[in-house]
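*Asks:* All chains, full assembly: derive it from the sequences and hints.
If you're matching positions, the sequence shown starts at 0 in numbering that gives the first Met the number 0 and goes up one per residue.
Simulated from the structure, these hints should not be mistaken for lab results. One or more hints might be untrue.
As the list claims (entries may be wrong) - Using 20 Å as the maximum straight-line C-alpha spacing, the simulated SDA-like pairs for lysine to any residue come out as follows:
hint, residue 1, residue 2
1, Lys43, Phe120
2, Lys43, Glu130
3, Lys117, Met149
4, Lys137, Ser48
5, Lys43, Leu23
6, Lys43, Pro15
7, Lys137, Thr79
8, Lys12, Ile2
9, Lys72, Gly42
10, Lys72, Ser48
All values reported here derive from a predicted model rather than from experimental measurement.
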Amino acid sequence: MGIFNRIKNIMKKPEPPKQEKSVLTLALGDILEVSLVTYEIIGKTSLQSRNEIFLTLQDGNTMRYLKVESREKLYYELYTPIDGRLDSIQEVPTTIHMDDVDYYMEENYSTYVSNQGKTPFPSSSEQYIWEFQSDNHKLLRLEWQDGRMMMYEGESVLTADVQIIRGT
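*Replies:* Dropping the structure here:
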């Protein structure tokens, strides 16, 4: 190697370090392991006014949903869709009794969401969300968007139980 090449390499700016993949920056096709089950991300809903995403996960024929919320630390909740409906979206009760479990409303909000891939709602628009929790820490989530309702039952997941296997 000549002296000019050595000088050129010394003067060249070092490449910036690659930013590590975060769960909040995952994209479609990435692979996650949640509670020792490997899932492919096939859909992503980003909530604009909150630092939160709702990932559609697939493992074979099994579909699950992972809510990731970033506050002072990352919080994870894993949901399974359930069949159900309410009589009126205008009057969501503060307590829901379902399968011998009482769920109490913890939070309700509306926000603009943007969807990518296969998600429960195909369009990006305003979404209304109600979150409930039972005394034994079971979770219930209701979503309403464009005249359609989805219901999910879930549980909190420890941070150590969520691992990024492959990120694009």
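*Asks:* Each hint needs a verdict: does it hold in this structure or not?
*Replies:* Tested hints:
1. About 11 Å separates the Cα atoms of Lys43 and Phe120, which keeps this hinted pair within 20 Å; it holds.
2. A distance of roughly 19 Å separates the Cα atoms of Lys43 and Glu130; the hinted pair therefore holds under the 20 Å criterion.
3. Annotation: proposed proximity of Lys117 to Met149 holds, straight-line Cα distance about 14 Å (limit 20 Å).
4. For the proposed pair Lys137 and Ser48, the alpha carbon gap of about 26 Å is over 20 Å, so the pair is violated.
5. Only pairs whose Cα atoms come within 20 Å are accepted, and Lys43 paired with Leu23 is accepted, the gap being roughly 10 Å.
6. Note on Lys43 and Pro15: the hinted pairing is violated, with a Cα-Cα distance of about 28 Å set against a maximum of 20 Å.
7. This hinted pair checks out: Lys137 and Thr79 have alpha carbons roughly 12 Å apart, not beyond 20 Å.
8. Distance restraint check for Lys12 and Ile2: the Cα-Cα separation of roughly 18 Å lies within the 20 Å cut-off, and the hinted pair is therefore satisfied.
9. Proposed proximity of Lys72 and Gly42 is contradicted: the alpha carbons are some 23 Å apart, above 20 Å.
10. A distance of roughly 17 Å separates the Cα atoms of Lys72 and Ser48; the hinted pair therefore holds under the 20 Å criterion.
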